[in-house]
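Below, each chain spelled out in residue letters.
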Amino acid sequence: MGFKYIGKKATRPNVLERVTGKAIFVDDIRLPQMLYAKILYPKYAHAKILSIDTSEAEKMPGVVKVVTGKGIKHPYGDCLHDRVPMAVDKVRYIGEPVAAVIADTERHARAALSKIKVEYEPLPVYTDALDAMKKDAVLIHENLDKYFYVTPLYKPTPGTNIALSYEIKKGDIEEGIKQADVIVEKEFVFHHMSSVAIEPHTAIAMHHPNGMIEIWTANVGPFAVREQVAEFFGKNISDVRVHVPHIGGCFGYKSDPSIEPLTAYIASFVPGRPVKLKLTRTEDFTSTFIGRGIRAHVKVGATKDGKLTALEETLYLSTGAYADTGTNILIVSVQASGGVYYFPNAHVKGYSVYTNTPPVGALRAYGHPEAQFAIERMMDLLARKLNMSPIELRKKNFITEGKTNVVGEKFKASDGNLFKCLENVVEAIPPEEGNKEDDDYYYGVGYAGLIKAPKAATFASKGCHLKFNVDGTVSLNMSGGDVGQGLWTVARQIAAEALKMPPEKIRVYNEIDTQYSPWEWQTVGSMFTYQGGNAIIRAANKAIDILKKNASLVLDRDPDMLEYDGEYVYDRSYPDVRVAVKDICRGYVKPDGTTIGEIVNVTSYFRLPGVQNPDPETGMGRTGGSYTMGVQGVKLRINKHTGEIKVDHVATSIDVGKVIYPKGAEGQVLGGVVQGLGEALFEQIRFKENGVLENPNLIKYKIPRLEDIPDKFTIKFVETPDAIGPYGARGLGEHPVIGVPPAVVNAIYNAIGYDFYEVPVTSDMVKKALEEKGMLKEQSNKTAEASLSETVDRDKEG
Amino acid sequence: MQAVNVTLNGEKKTVYIEGGETLLDVLRENLELTGTKYGCGQGACGACTVVVNGEAVKSCMVLFRKLEGAEILTIEGISDGVHLHPIQKAFVDADAVHCGFCTPGIIMELYALFTKNPDASEEEIKKALNKHLCRCTGYLPLIEAAKLAQKYYKESLKEV
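Chains A and B, in that order, are what the protein sequence lines are. Note that the numbering used here numbers the first sequence so that position 358 is 358, with each residue one more than the last. Note that the numbering used here numbers the second sequence so that position 89 is 1089, with each residue one more than the last.
Looking at chain B on its own, in the form it has when it is part of the complex:
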């Protein structure tokens, strides 16, 4: 067993692993943070996207043992589950959540994008969304939700 120290959703944690586990494995199996989803295991669908050190990463492609000291943020970490993060609220208001399986990954992708650059251009937004597969919506509602999310997010920055 190997110990890996990380900050997970704002909390310091030591996780003991066998060695070959991906970040996705550890989140889902060891830590029971099941909001992050397995869709393909090859980095093609984006359903497992979380934020590591401020960047959106596909957690199925990252070995957990390489994350010593990393700050990891998952869908469970951006709101308390009752008071929504502005990006989550935008997805509800834009009616961009159909089956919802790809949703956490997309929200985390946009979280990384907007926290780095609240003024991301439409092209940058589309490029970020293009890393994700969604079979339900035809993508147009996702673009609308992302733009609304940007608006809500920027408003929330002013409020603070």
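For reference, chain A alone in the conformation it holds in the complex:
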């Protein structure tokens, strides 16, 4: 089938707003009578609040009100209702709001914060799940058994810090271990990291006299915000209205309600006036969501010819002070534990454990990079023990048609071709390029598979409002947040294809408003193209059906005898018997004014068919529904004198089913690979023992800059059409981040013969490893000078 718009060059709708500075982001919004809030944070990461005295702060210039959490009656949440917008009688992490000042300006609000007096009784602080799980650990949540859990699948362990646990049992693990000739057992750590969108979190809230709560926020889950705010205030959901203007990047942490309930809580003390809460970059680290933070104990068995027989694994998520938003991260990491490989037997357990750190929430592909870092490192370790090439071992065990993953979902040929992806990557980065050295560098190559389902609630769906205008143009209204991934573009291309009209005739929405936009769950899980695309096709088909019905009244033909070409509806055997679409899109007006027919204004939706909650007993079930798979490879070199890691080439091959927007797809891979390199090499939120973040800013928490990108990227898409994706397409947005960390760490071993079991692996860590192995070489004078001048250069710029 030839496509006219799908897979072709496209221009992003609304891009002109973004290059001219006219795109309105939340912090750009000014409302009449607006007030500003600043937040007071605790001195301790875990403490009882004994008293709060706000009287001095209230007397400060410009201060309208000082707000505390006193009086908050009940927690809220999505999966597990354990959250409060502001600390009530204890603080559980260092970024938790204790009080807020509302003032006429941000400066006045900030100035008054230091006048609030709080007395605390400090409690022991835990920053790692394993410490918080110790028998004598103090409880971070004392009333765990009283919290509401949305499904019985998520079980807390009352009297401990285990917020929930989950396990899957496939086949017979004891038998699997017995069949193994070789067993490898290791522990892996994927440290805490931040999404770091360049736009920090900001929200505005206002309580109207008519009972409405109105919120403006940069969040891709405005309907989730609406539900949780309504629940917290005991309002009807219809009485909460959430606006989402342009969003300055998401990468996960703007997908669950974060500061919106807090802002709405603060604003409830000054009804009738909007209150803006704009986080600083530091607060964006300490007081929204962080990501990753998983420790995995993994045991893998295989026969001597390299067939996997067993996977036994326990995962520990240091979920932070509130576990609600980490719920699915734990679940998904357990479900992703087998990666792209077939294990006939598996027993995988996961614990989400409260710690005195900021709550863990979504971060690009959450659960998948953590689990697949472990399994992809294991594949290399196992290959070494079997004296087999890591590439061969992977090929032998790929999930293929008819095989099942660890939750028992059977794969189809249409799910993708991993062999082709591997072939593409190995062709770009052949193994011979690694395990080499010259005077200054050790060279290594490494590979990793990747897989991800568009994970979401089983009922998650996307809606599409499609409206024909009287000039024959179309207004397309949806609720996907375009955070830069390009979904507006994809939506317009798919609509153009389905409606057979040029994209210029289709105006795509640029704001989400829960009052008018169609309901959708959240723009998460790399599923907009998949679900949203299908919703558009369904809506387009409905619209075309109505146009044909209307035309049949005008042309005296049965509707099924008519064709539609984007401009006309016509008799398929006598095409000159026709009526223009613009003349029948709000019914047909006869010459005498009498009007007949339907208005072409349709709504449609799409959700993944047949996705279910896992079985409460076995943890198994059809939990993914659709998968995108691929392979990544890395070539890097390590400086013999300094340990510095330089990534030269990253190759990515993903079976996306069908590329809809080529530049956008390529952009997602580039951005994802570079983010993955940051996670592999330097991104880590470091905690002191007292729970204070050591590096909550962009000077100390380094994210990749231009100087950090590889010299070469190879991107090859494989297009095995998906059974139900729009035009065969599958999700892609998060996937390119997944395989990079394990491929990098595998490549480091390939270069220097040293195994790391955690990410990030910094150049300092590699330098130490080289020292340990006696592989660190004396600096020649020439290179010493060169690297010194480079440092000076960077200092000047920094």
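Any given hint could be a false lead.
For lysine-lysine, the following DSBU-like pairs were computed, each having C-alpha atoms within a straight-line distance of at most 30 angstroms [as the list claims (entries may be wrong)]:
no.: 1; chain 1: A; residue 1: K278; chain 2: B; residue 2: K1116
no.: 2; chain 1: B; residue 1: K1126; chain 2: B; residue 2: K1116
no.: 3; chain 1: B; residue 1: K1126; chain 2: A; residue 2: K467
no.: 4; chain 1: A; residue 1: K395; chain 2: A; residue 2: K716
no.: 5; chain 1: A; residue 1: K412; chain 2: A; residue 2: K299
no.: 6; chain 1: A; residue 1: K22; chain 2: B; residue 2: K1126
It is worth saying that the hints were derived from the structure and are not from the lab. As the structure is a prediction and not an experimental result, all values here were calculated from the model.
Here the structure of chain A is known, so what remains is to put chain B in place on it, guided by the hints.
Only chain B this time, still in chain A's reference frame:
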């Protein structure tokens, strides 16, 4: 209150400030020129970059009271919002704008670079871009856009 006289986007302006405001504060809060963005407040991300007296500066690091007599140019000042500046057009054509939050700062950085030296080398272009953080694009599209911007800009000089 203190009065500071500047030329802003080609217009003479007197701005009254309390004293401690940064250029970024004044642009966004006093003058409602919200195209310039706050990303970190520490000069690390470059989202707040504007052009002062022909040089790209991080507006979060500059005190406004020190700008008496300065010529300030922001993203709002390089086009009328309909007819694009060649650098803006290049970013559209190269598809280098994803979320767009870092874009105004990067465009102003390149504006300063190319107006000073239309023949800036690739190394100079990369050095300028390296002052900016972008989480979306992986930077490669930005390099392509910057090179295209240079081409468009030089063509526009010939046209005049």
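### Task
Please name the hints from earlier in the document that this structure breaks, with their numbers sorted from lowest to highest.
Per hint list: 1 and 3 violated.
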